[in-house]
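Asker: The hints should help you fit chain R onto chain U, whose structure is shown.
Number of protein chains: 2
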Amino acid sequence: MSEKVKIGVLGPEGTFSEKAARKWNSRAEIRYFEDISDVLEAAQKGEIDSGIVPVENSIEGSIGMTLDYLLEYDVKVTGEVVIPVKHCLLGRRGEDIRVILSHPQALAQCRKHLKSMFPGAELRAVESTARAAEMAAKARNTAAIASEESARRYGLTVLEHSIADMKENFTRFLVIGKQFAPPGGSDKTSIIVYLDENRPGALYDLLGEFARRSIDLTKIESRPSKKALGDYLFYIDFKGHFSDPLVREAIENVKQKTGMLKLLGSFRTADSQMDV
Amino acid sequence: MSEKVKIGVLGPEGTFSEKAARKWNSRAEIRYFEDISDVLEAAQKGEIDSGIVPVENSIEGSIGMTLDYLLEYDVKVTGEVVIPVKHCLLGRRGEDIRVILSHPQALAQCRKHLKSMFPGAELRAVESTARAAEMAAKARNTAAIASEESARRYGLTVLEHSIADMKENFTRFLVIGKQFAPPGGSDKTSIIVYLDENRPGALYDLLGEFARRSIDLTKIESRPSKKALGDYLFYIDFKGHFSDPLVREAIENVKQKTGMLKLLGSFRTADSQMDV
Chain U
210 MSEKVKIGVL
220 GPEGTFSEKA
230 ARKWNSRAEI
240 RYFEDISDVL
250 EAAQKGEIDS
260 GIVPVENSIE
270 GSIGMTLDYL
280 LEYDVKVTGE
290 VVIPVKHCLL
300 GRRGEDIRVI
310 LSHPQALAQC
320 RKHLKSMFPG
330 AELRAVESTA
340 RAAEMAAKAR
350 NTAAIASEES
360 ARRYGLTVLE
370 HSIADMKENF
380 TRFLVIGKQF
390 APPGGSDKTS
400 IIVYLDENRP
410 GALYDLLGEF
420 ARRSIDLTKI
430 ESRPSKKALG
440 DYLFYIDFKG
450 HFSDPLVREA
460 IENVKQKTGM
470 LKLLGSFRTA
480 DSQMDV
Chain R
210 MSEKVKIGVL
220 GPEGTFSEKA
230 ARKWNSRAEI
240 RYFEDISDVL
250 EAAQKGEIDS
260 GIVPVENSIE
270 GSIGMTLDYL
280 LEYDVKVTGE
290 VVIPVKHCLL
300 GRRGEDIRVI
310 LSHPQALAQC
320 RKHLKSMFPG
330 AELRAVESTA
340 RAAEMAAKAR
350 NTAAIASEES
360 ARRYGLTVLE
370 HSIADMKENF
380 TRFLVIGKQF
390 APPGGSDKTS
400 IIVYLDENRP
410 GALYDLLGEF
420 ARRSIDLTKI
430 ESRPSKKALG
440 DYLFYIDFKG
450 HFSDPLVREA
460 IENVKQKTGM
470 LKLLGSFRTA
480 DSQMDV
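Protein sequences appear in the order of chains U and R. Residues in the first sequence are numbered from 210 upward in steps of one, following the working numbering. Residues in the second sequence are numbered from 210 upward in steps of one, following the working numbering.
Extracted from the complex, chain U is given alone in its bound form (with noise of 0.2 angstroms):
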């Protein structure tokens, strides 16, 4: 008999980070943490097999957060799931709708759609969107944006599908484990990078490393390294598996050019995935 693997999300039950947990693994054992830090924290202690942590929504941008949490616990990025975001307006049919409780990122994706049909309702941050749909299921006059999932784990009413200003809504989730996963054929590499010196072209010196060998970039995000305003640190995402010869080389001459380097890991790119 074979335990199920378990993978930690931020819940309660009924979040996008379920979602894609349940995608990246059906049949495992989902548990539920109250904060993405506590999932990184599970992960770390090996409490979990695996995590599933938002990272960057096509229209709202990085997760500040779980970036900084990257860096802080001893964690490997193992892999990447997209999944579709749909919000939908989830309430009682014949209600007033007074407050509209939801996800920051939420909130902030369906803002002008929000701000036309409901001028004077007030919009409230909570911790997620399958927490405002649970706290709308229990207060008058409240409605919640949240998944479809939301409304029938929480016995609302869908009032209105798909409300963000953008139609195009994807989610990116990594995987965290605490093992490096090994190449899978088409995968990614993430690093976390200070440049201790602050002479110009610094950051170009360090690109060079990988424009020479052809190595792709997929994303170069900057993060406050909370030491002074105005310095940065870089979280750099590119084509290859740190093993493949070019990749370990363009990483080894990085580190000579940087204070620091954290290799987060190479995964599979979620678009080589038969699933997305």
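FYI, nobody ran anything at the bench for these hints, they're computed from the structure. Incorrect hints may have been included.
[Unchecked claim] Beta-carbon label-pair distances, calculated as ranges:
| id | chain 1 | residue 1 | chain 2 | residue 2 | range |
| --- | --- | --- | --- | --- | --- |
| 1 | R | S452 | U | P391 | 52 to 62 angstroms |
| 2 | U | E357 | R | K347 | 28 to 38 angstroms |
| 3 | U | A411 | R | Q465 | 23 to 33 angstroms |
[Unchecked claim] Distance condition first, Cα-Cα at most 25 angstroms in a straight line; then the derived DSS-like pairs of lysine-lysine:
| id | chain 1 | residue 1 | chain 2 | residue 2 |
| --- | --- | --- | --- | --- |
| 4 | U | K448 | R | K466 |
| 5 | U | K228 | R | K435 |
| 6 | R | K228 | U | K435 |
| 7 | R | K435 | U | K448 |
| 8 | R | K436 | U | K228 |
| 9 | U | K466 | R | K428 |
| 10 | U | K376 | R | K435 |
| 11 | R | K436 | U | K232 |
| 12 | U | K436 | R | K228 |
| 13 | R | K376 | U | K435 |
| 14 | R | K448 | R | K466 |
| 15 | U | K428 | R | K436 |
| 16 | R | K254 | U | K324 |
| 17 | R | K428 | U | K436 |
| 18 | U | K387 | U | K428 |
| 19 | R | K435 | U | K324 |
| 20 | U | K428 | R | K428 |
| 21 | R | K436 | U | K376 |
| 22 | U | K436 | R | K295 |
| 23 | U | K464 | R | K428 |
| 24 | R | K471 | U | K295 |
| 25 | U | K436 | R | K232 |
| 26 | R | K471 | U | K428 |
| 27 | R | K321 | U | K436 |
| 28 | U | K436 | R | K448 |
| 29 | R | K435 | U | K254 |
| 30 | U | K435 | R | K321 |
| 31 | R | K435 | U | K428 |
Built from N, CA and C at the ideal position, the CB exists for glycine as well.
Answerer: Using the frame of chain U, we list chain R on its own:
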């Protein structure tokens, strides 16, 4: 008789935006707006002389919404203001704290401290720190994270000073207007670029235009293009005024290499201002 300069900020009274506006121009008339986009719209229409909006915090990073609006609205960046942020816990003495209200960034900046001191309290996000103080003043068992000024303004007590997890905490604001600012001696230039080609080395080539002219990049930040996941705009800040021949040359060359370039403006850097 000269009319007072009108500066628009995110309201209500007592926000850190108002503090930034008073630092920028202590004699201006302050107009309060409900939302950052309303400030930019008023600046675009010329209803205010300047708008002052937060763009990045030294702990939490960029305010994505502000970056997105800079692309959307037809406005120029004409200055920057940096102010130290001291988050205080405001409430009433001798009362149990069950709910703590603040702006999502402020909650994030005090998260560890709040988790250890008030493990059972619900953290609830609202639109601004000042609004949090205003609401806390009217509710029971509710505290707010906001500025010392807000305590005075809304009749609350400072229960704890400076509760942010990292004590070095600054927020940078941009001054928004209709006209480009003239050279001020120690300037910075902000542009937004969209690379329409996805080949390896495209960003590297672009940065080369600055590196080979020894133009110092002070910031590079990616934002989703909102066309597809993994497709980005780059917000680049670098030293110099757009009227400097070398800077003008670099911008011209970058323009030829990119699908879109928006010159946001050139302005005096905050660290060159006497009062910082």
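Asker: Just pull the numbers of the violated hints for me, sorted ascending.
Answerer: 24, 29
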